[in-house]
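So the chains spell out like this:
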Amino acid sequence: MISFQEVSKHYPDGTAALDKVSFEVSPGEFVFVVGPSGAGKTTLVRLLTREEIPTEGELQVGGRSVAELGGRELLQHRRELGVVHQDYKLLPEKTAFENAALALEVLGRPDSEIQEIVPHVLALVGLEERMHHFPYQLSGGERQRLAFARALAPEPKILIADEPTGNIDPESAWSAIKLLEKINEMGTTVLVATHAAEIVDRLGKRVVGLEKGKVIKDQKKGKYAS
Amino acid sequence: MLRRIIRNAILGITRHGGLSLTTVLVITLTFGATSGLALFAFGAGKILDYYESRALVIAFFKDSATEEQILDLRDELLQRAGVKEVAYTSKDEAFALYSEQFKDKPELLEGIPTNVLPASLDVRTDSLDDLPGVAEFFKGNELVEEVAFYQDVVERFKNLVNITRMALLALVLLFAGISTVVVLTTVGLIIHSMEEEIEIMALLGATKTYVRLPFIIQGAIYGFLAAVISGGILTLAIPAVFPYIRSFFANVPLPDPSVVFQLGLVGLEALAGIFIGSLGSWLAVNRYLKV
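Protein chains in written order, with numbering that gives the first Met the number 0: chain E, 0 to 225; chain V, 0 to 290.
Don't read these hints as lab results, they were simulated from the structure. Small disclaimer: the values here were computed from a predicted structure and weren't measured. Cβ atoms here follow ideal geometry from the backbone N, Cα and C, with glycine treated the same way. Some hints could be false.
[As the list claims (entries may be wrong)] Within a straight-line C-alpha distance of at most 25 Å, the following computed SDA-like cross-link-like pairs (lysine to any residue) qualify: (1) E:Lys88 - V:Ala239; (2) E:Lys93 - V:Leu127; (3) E:Lys88 - V:Gly44.
[What the hints assert, rightly or not] Listing some non-contacts, in silico: residues in chain E with all C-beta distances to chain V over 12 Å: (4) His9; (5) Ser21; (6) Pro26; (7) Ala66; (8) Ala100; (9) His132; (10) Glu141; (11) Arg205; (12) Lys219.
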């Protein structure tokens with residue numbers, strides 16, 4: 000489903016964010032990409048969303064080279080991904096309902112369907128009582144759950160979360176990860192970039208370790224440090 | 000889909016209330032200044048037209064010239080290209096005019112025979128450029144005693160009129176240019192504040208048209224509102240200011256600004272507002288649609 004083949008990303012200032020990274024993710028897998036800050040986790044996510052393209056190597060998703068996607072194919076690719084960004088990327092001028100609905104609106108789903116799906120996903124993340132609140136009226140944990148709701152609303156094939164537990168308390172972080180596990184059990188491929196060692200160790204899922212842009216480990220039931 | 004896009008455009012305006020109001024006010028000011036100047040230039044052009052049309056050549060005829068001969072000359076002149084008006088003044092009419100002019104100074108009228116003043120033709124042309132030709136026409140005629148045509152004065156007036164017209168046109172174009180830049184920048188600023196929204200929509204897989212349209216509609220609404228406000232203010236101001244302008248140029252027959260003219264002004268501004276507003280949005284959104 001996702002295939003990194005010798006993927007490198009070098010920036011014009013000479014920084015090597017990723018250096019010959021190779022690994023594959025099968026459909027329905029749950030993978031943690033771990034590493035300290037600056038290891039290249041966010042770059043990896045940005046390559047998947049095609050915000051950036053690799054300098055070398057090939058990244059394929061669903062058998063298609065992401066770098067070569069253009070026009071309609073790129074739209075389709077992005078529509079198949081659900082992404083929870085590190086900073087959540089919520090729209091401050093829209094309510095929780097409208098933020099979650101946005102992902103469906105851009106797909107051209109009818110209003111009747113949006114009215115049905117959005118309350119459902121907001122309930123799934125525990126925000127059914129807060130759907131008419133604006134992001135600034137929500138706590139950090141609630142904002143993060145709203146980002147999950149938006150990513151989940153279109154029922155993506157792949158869910159990518161970049162440091163989803165970075166800005167929230169441990170209890171909210173754990174419930175977010177349990178939510179990801181539940182989504183994964185429903186068949187969605189989940190890729191989580193994180194440096195939350197405790198959560199990675201508790202879950203015992205596949206762990207791909209990055210350091211200075213290189214893959215330093217790939218363990219089936221891995222730990223953060225080992 | 001279109002309903003959703005329009006709804007998003009309207010939400011974009013209402014949820015950015017302060018910015019929207021500032022944008023509309025800035026555009027209103029620039030539009031008001033530009034259209035006010037354009038109106039001034041239009042009025043000044045009309046006044047110049049009038050004074051240009053008042054320049055004339057006067058031919059005074061010898062006593063030997065009969066009225067019939069003079070009227071034949073008048074008919075010949077009226078056939079000539081560029082001649083707008085030819086007025087005949089007989090010897091009697093000339094004396095009557097003189098008497099009327101100096102009725103308060105009877106000493107100037109005493110002892111003057113009623114046929115002492117010459118008959119004359121006053122010729123006005125469509126353009127100042129046609130006057131020298133008319134003067135030449137009279138100079139070669141044996142019935143004509145004297146031709147009153149001050150070529151150097153007319154030339155200087157013509158230059159002044161041309162320079163004034165060009166200066167007004169340049170000023171209007173300059174203001175229109177500045178106004179366009181201000182509107183593009185102002186709309187661009189409000190779109191800039193929505194940069195993240197554009198980026199997020201693109202990352203969610205929205206088509207470029209879906210991202211652009213609400214912002215383009217938003218820009219068009221800003222432009223439209225500003226144009227209607229500034230056009231409305233001008234429309235109200237014209238009848239209030241017009242009597243003062245008319246009293247200042249008492250001898251210039253300035254027509255009343257018609258309702259059609261005023262509605263046309265607002266309509267034209269509204270179209271310009273919609274066009275520039277949506278263009279500003281389109282340019283600004285494209286800048287942030289690179290994701």
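So, going through the hints one by one against the coordinates:
In summary, the hint linking lysine 88 of chain E to alanine 239 of chain V is not supported, as the alpha carbons are separated by about 53 Å, beyond the 25 Å threshold. Of the pairs offered as hints, the one joining lysine 93 of chain E and leucine 127 of chain V is violated, with about 66 Å between alpha carbons and a cut-off of 25 Å exceeded. For the suggested pair lysine 88 of chain E and glycine 44 of chain V, the alpha carbons sit about 57 Å apart, so the restraint of at most 25 Å is broken. Every Cβ of chain V is farther than 12 Å from the Cβ of histidine 9 of chain E; the closest lies at roughly 20 Å, confirming the non-interface assignment.
Look at serine 21 of chain E: its CB is around 26 Å from the nearest CB on chain V, clear of 12 Å, so calling it non-interface holds up. Every CB of chain V lies more than 12 Å from the CB of proline 26 of chain E, the least distance being 20 Å, so the non-interface label holds. No Cβ of chain V approaches the Cβ of alanine 66 of chain E within 12 Å, the least distance being about 15 Å, so the stated non-interface status holds. Not every Cβ of chain V is farther than 12 Å from the Cβ of alanine 100 of chain E; the closest lies at roughly 10 Å, contradicting the non-interface assignment.
Its beta-carbon lying about 14 Å from the closest one in chain V, histidine 132 of chain E satisfies the requirement of being farther than 12 Å from that chain. Listed as a non-interface residue, glutamate 141 of chain E keeps its Cβ farther than 12 Å from every Cβ of chain V; the least gap is roughly 18 Å. For arginine 205 of chain E, the non-interface assignment is confirmed: its Cβ lies about 26 Å from the closest Cβ of chain V, beyond the 12 Å cut-off. Against the 12 Å criterion, lysine 219 of chain E stays outside the reach of chain V, whose nearest CB is about 31 Å from its own CB.
Hints 1, 2, 3 and 8 from the earlier list are contradicted by this structure; the remaining hints agree with it.
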